[in-house]
Structure formats: structure tokens, C-alpha cells
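K.L.:
The whole structure should be built from the sequences, with the hints applied where relevant.
Number 867 in the working numbering belongs to position 43 of the sequence shown; there are no gaps in the numbering.
These are computed hints drawn from the structure, not numbers from a lab.
Owing to the predicted nature of the structure, the values given are computational and were not obtained by experimental measurement.
Every residue gets a Cβ at the ideal spot worked out from N, C-alpha and C, and that includes glycine.
Heads up, some of the hints might be wrong.
Said to hold, decoys possible - Computed list of lysine to aspartate or glutamate pairs in DMTMM-like fashion (alpha-carbon distance at most 25 angstroms, straight line):
{"#": "1", "residue 1": "LYS829", "residue 2": "GLU849"}
{"#": "2", "residue 1": "LYS829", "residue 2": "GLU843"}
{"#": "3", "residue 1": "LYS829", "residue 2": "ASP894"}
{"#": "4", "residue 1": "LYS846", "residue 2": "GLU869"}
{"#": "5", "residue 1": "LYS875", "residue 2": "ASP839"}
{"#": "6", "residue 1": "LYS829", "residue 2": "GLU890"}
{"#": "7", "residue 1": "LYS875", "residue 2": "ASP847"}
{"#": "8", "residue 1": "LYS875", "residue 2": "ASP828"}
{"#": "9", "residue 1": "LYS829", "residue 2": "ASP839"}
{"#": "10", "residue 1": "LYS875", "residue 2": "GLU843"}
{"#": "11", "residue 1": "LYS829", "residue 2": "GLU859"}
{"#": "12", "residue 1": "LYS829", "residue 2": "ASP860"}
{"#": "13", "residue 1": "LYS829", "residue 2": "ASP896"}
{"#": "14", "residue 1": "LYS875", "residue 2": "GLU890"}
{"#": "15", "residue 1": "LYS875", "residue 2": "ASP855"}
{"#": "16", "residue 1": "LYS829", "residue 2": "ASP855"}
{"#": "17", "residue 1": "LYS875", "residue 2": "GLU849"}
{"#": "18", "residue 1": "LYS846", "residue 2": "GLU890"}
To be verified - Label-pair distances were calculated between CB atoms; the ranges are:
{"#": "19", "residue 1": "THR854", "residue 2": "GLY879", "range": "15 to 25 angstroms"}
{"#": "20", "residue 1": "GLY877", "residue 2": "ASN826", "range": "18 to 28 angstroms"}
{"#": "21", "residue 1": "HIS827", "residue 2": "GLY880", "range": "27 to 37 angstroms"}
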Amino acid sequence: MNHDKTFTVISTCQDAVRERLKDPESARFTDWAAEDHGGGRYTAEGLVNAKNGFGGYVGNRRYACEATLDGDTISATASTDATP
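P.N.:
And the structure:
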């Protein structure tokens, strides 16, 4: 997968993870990777550390995401235990 596509898939997946968090702006992503499954289907996974409802960071939690690229449109769904 080329660098631009990798960046786009991971960025979109991280946005999908942020939507699930109590404090999306606090998200810190590490150890991410993306894989091209062909036919416009991708997966990305890595770790996220974010603040919980009390304002404290909860530690790294694994996230996974499935993304679909159709022309210039990309959609993603996060599946994660990162919801503090």
C-alpha cells in the first residue's frame, strides 16, 4: 500500500476511534499499522491512550478499524476497547 493511502486509512480510522471517546482531543495514538485486503478494503490497528470522564489518562488500549475506500470516499468503523 502506498504511503498516502496508508496515512489516509489510519487517519480516518483514528477519527472513528475519537468518536467513541469521552475526550476525543486527548487521544494519543501509537503503534499503528494498516493492511490492504484488496477491493478497497483495509484494516488498521494500534494503541490509543485517552482521558476518561474524570480527566485521567487510562493507559494504552488496543483499537481496530475496518475501512472502505471507494474512489475519493473513505468510510471507517472502529472496534475498540478504548472507550474509557
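K.L.:
All hints are to be evaluated individually against the structure, with a verdict given for each.
P.N.:
Going through the hints against the structure:
no. : hint                                : result
1   : LYS829 - GLU849                     : 24 angstroms, holds
2   : LYS829 - GLU843                     : 21 angstroms, holds
3   : LYS829 - ASP894                     : 12 angstroms, holds
4   : LYS846 - GLU869                     : 20 angstroms, holds
5   : LYS875 - ASP839                     : 16 angstroms, holds
6   : LYS829 - GLU890                     : 14 angstroms, holds
7   : LYS875 - ASP847                     : 6 angstroms, holds
8   : LYS875 - ASP828                     : 29 angstroms, violated
9   : LYS829 - ASP839                     : 15 angstroms, holds
10  : LYS875 - GLU843                     : 13 angstroms, holds
11  : LYS829 - GLU859                     : 10 angstroms, holds
12  : LYS829 - ASP860                     : 9 angstroms, holds
13  : LYS829 - ASP896                     : 11 angstroms, holds
14  : LYS875 - GLU890                     : 24 angstroms, holds
15  : LYS875 - ASP855                     : 18 angstroms, holds
16  : LYS829 - ASP855                     : 17 angstroms, holds
17  : LYS875 - GLU849                     : 9 angstroms, holds
18  : LYS846 - GLU890                     : 21 angstroms, holds
19  : THR854 - GLY879: 15 to 25 angstroms : 21 angstroms, holds
20  : GLY877 - ASN826: 18 to 28 angstroms : 39 angstroms, violated
21  : HIS827 - GLY880: 27 to 37 angstroms : 35 angstroms, holds
In terms of the numbered hints stated before, the structure departs from hints 8 and 20, listed from lowest to highest.
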